[in-house]
Structures are given as C-alpha cells and as structure tokens.
Amino acid sequence: MMQWISSNETAGMLNKTFSEKTTHANENDIYTENYSFSVKLVYVLLDIMSVIPCFLSIQALQKAKKFPESAKFLVTALLCFDSSYILIASIRKFVLETFANTNLYTLSLCAGRLALLTAAIMAVERVFVFYKPYAYIRTCTRNFIRTVSVCAWLTELCIFYGLRYGYCYLRFQSKLVFEQAGLCNGIMTVYYVTFSVAVLVTFALCYWKILRIIQRKYRQSDERRLSFKSTFLVFRQFKSTTFVFTHSLFFFLFIFAYIFLLILARFNKLNVTELRLSVEGISICVCLLDPIVYVLWFKECRMGILDMFSFLGDGVRTKVAKMRLEIYDIEVFDRCKIDSEITNIEAKDGAI
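For the sequence shown, the positions run 669 to 1020 when the numbering used here is used.
Incorrect hints may have been included.
In silico lysine-lysine, DSBU-like type, Cα no more than 35 angstroms apart, as pairs [what the hints assert, rightly or not]: (1) 800 <-> 708; (2) 987 <-> 731; (3) 800 <-> 731; (4) 740 <-> 937; (5) 734 <-> 967; (6) 734 <-> 937; (7) 967 <-> 800; (8) 740 <-> 843; (9) 731 <-> 885; (10) 734 <-> 877; (11) 937 <-> 885; (12) 733 <-> 967.
What the hints contain is simulated information worked out from the structure, not anything from laboratory work. Quantities reported herein were computed from a predicted structural model and do not represent experimental measurements.
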C-alpha cells in the first residue's frame, strides 16, 4: 500500500514537473516574440523613423545657446531614454534565445521607467524655476541638477532590479527568474502601476502650481492700459500657459494609456503579445511627440534642425539666416560674398 502511494506521489510530481515545464515553454514561445520576418521588419522601420527625430533634436539641443543648461541636460537624458527603449525593443525581436530576450526586455522596461522619472524631475525643476527663480539661479547649477538626477536614476535602478531579480529569486528559489519574464508579472505590475501613479501625481501637482504662478503673476501686473508692453505680457502669458497645458495633456494621456494597459493585462484582458505591441505603439508615439513638446517648441532649436538641412538649397539657408537674426539679433554674412566685394573695391581703387 505504501509503495502504491509512493508510486502515485512520484507520478504526480513528475506530471506536475512536466506541466510546469510545458507552461514555461509556452511562456518562452510568447515572450521571445517569434514573429515573421516581414512583421519584424515593419516594426524596425517604424522604430527607426521614431528615433530619428530624437537624435536630430538632441543634436540641435546641444548647439542651442539660449536653452538653460540644466534643462538641456534633462531633456537630452529624456530623449536618450526614449530612444534606448525603442532601439532595445527592436533588437529584442531578432533575439530568440530566452535568457538574452528576457533580459533585453527587462532592460527596455528599465529605460522606460527612467524616462518617466526624468519627466518627474523636470516637473520639479520647472516649478522651482517659477516659484523661486533667484534661489534657482543661485543653487541649481548644471552640476547640482546632474548630481540629483544621477542619484534618482541609481535609486530607481536599485529598486527595479532588486524587485525584478532579487525579490523574485528569493521568492521562487529558481534560476528561471532570469529566463521567464512571466514569473514576476504580479509584483512587477503592482510596482509599475504604483510608480506611474506616483509620477503622475508629482507631475500634476507641479504643473498645477506652475499654472497658478503664471495666472497670479500676470493678474497682479501693474500694466492696466493697453500698450505694447501689456500686449507682450499677455502674449507671453498665453504662450506659457499653452506650453504647460500641452505638455501636461500629452503626459497625462500617455501615463493613463500605460496604466490602462497594465490593468487590462493584470485581469487577463490582454495576452502578452498584445500587451507588448500596445506598449511599443504608445512608446513610438512618445518618441515622436517628445521632441516636439520639449525641443521644437523653441525657435532656437527649430533653427538648429533647419540648419542641418541647409544643404537642400538657398531657401533653407535664407530661412536659417533670418531666424538667426531674429533670435540673436546678429546678421550672418557670407564670407565668399564679402571677399568678392572687397576684391571689387580694391580693383576700383587700383583703377582710380
């Protein structure tokens, strides 16, 4: 009798082990995203098209002279994190080995979390600019902002990888946590939602405070009569309010979209493939719109990007020269034209 029970227990354990291996194999088949080559190629082309504006914006941003140094550092970091997520997601589609695919997926998620954290840091930095501008000038140097940002990023990396690998390994006591993305979906989904809500609340409070400061500043203006100065102040108020509203609207829409997808996946309304494709689609939109909201909104950066395409013709070069004159109040002369005019003057003097 005991032998029969022992045999049944052994058979049950073998069946359980076999079913677990089958489940893990099925998860691997899903998580490695083994699509057809044409589907992979289409997504790679979309990813490249979305990353190019980020690279152009970063280059234009580095050449900008009137853009604040601390804001330049944060915007550059944000665009780099956005681009990293897209590029890693593209590479992962061609990696079918489970260990490498899972860890590339984790790395892309980490880049996405760092991008959200950078947006929150930028919101806090902006509200400090509006609330205490003179204190901001004295204390918030480029090195200070860089130090605070790097510390925040390292803290986020420690929390993310501590949960993803440390906590999951202690919980399951298995090396499969490095190969199976599905093992830690529960705790990581809770972490993603909590992190996204915290960033959303921080962002909302900061930009609500900025809007209140803008309204109070222009409402308390002593300019009561219609004049050029009062009209200019009204225009600046409208431009600042529009920028803050547009920025906030895009951010809220994308955060809500991410949270909505995570909730659907949590309640099994989306499978893994649909979730990943949806998240990547939203990330492509973010990668396309972030350069517009953070960089191309400013005329100097638009001029820098146009200057990259000055080889297209004289019309583009003329437009760039006009924008440079409006921004810096400096007229740029053509060196060849000046040399030819000097030569003509010297020739006339010699003839006389």
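Each hint, compared with the structure:
{"no.": "1", "hint": "800 <-> 708", "in the structure": "violated (49 angstroms)"}
{"no.": "2", "hint": "987 <-> 731", "in the structure": "holds (18 angstroms)"}
{"no.": "3", "hint": "800 <-> 731", "in the structure": "holds (28 angstroms)"}
{"no.": "4", "hint": "740 <-> 937", "in the structure": "violated (40 angstroms)"}
{"no.": "5", "hint": "734 <-> 967", "in the structure": "holds (10 angstroms)"}
{"no.": "6", "hint": "734 <-> 937", "in the structure": "violated (48 angstroms)"}
{"no.": "7", "hint": "967 <-> 800", "in the structure": "holds (26 angstroms)"}
{"no.": "8", "hint": "740 <-> 843", "in the structure": "violated (42 angstroms)"}
{"no.": "9", "hint": "731 <-> 885", "in the structure": "holds (32 angstroms)"}
{"no.": "10", "hint": "734 <-> 877", "in the structure": "holds (25 angstroms)"}
{"no.": "11", "hint": "937 <-> 885", "in the structure": "violated (48 angstroms)"}
{"no.": "12", "hint": "733 <-> 967", "in the structure": "holds (12 angstroms)"}
Checked against the numbered hints given earlier, the structure breaks hints 1, 4, 6, 8 and 11 and satisfies all the rest.
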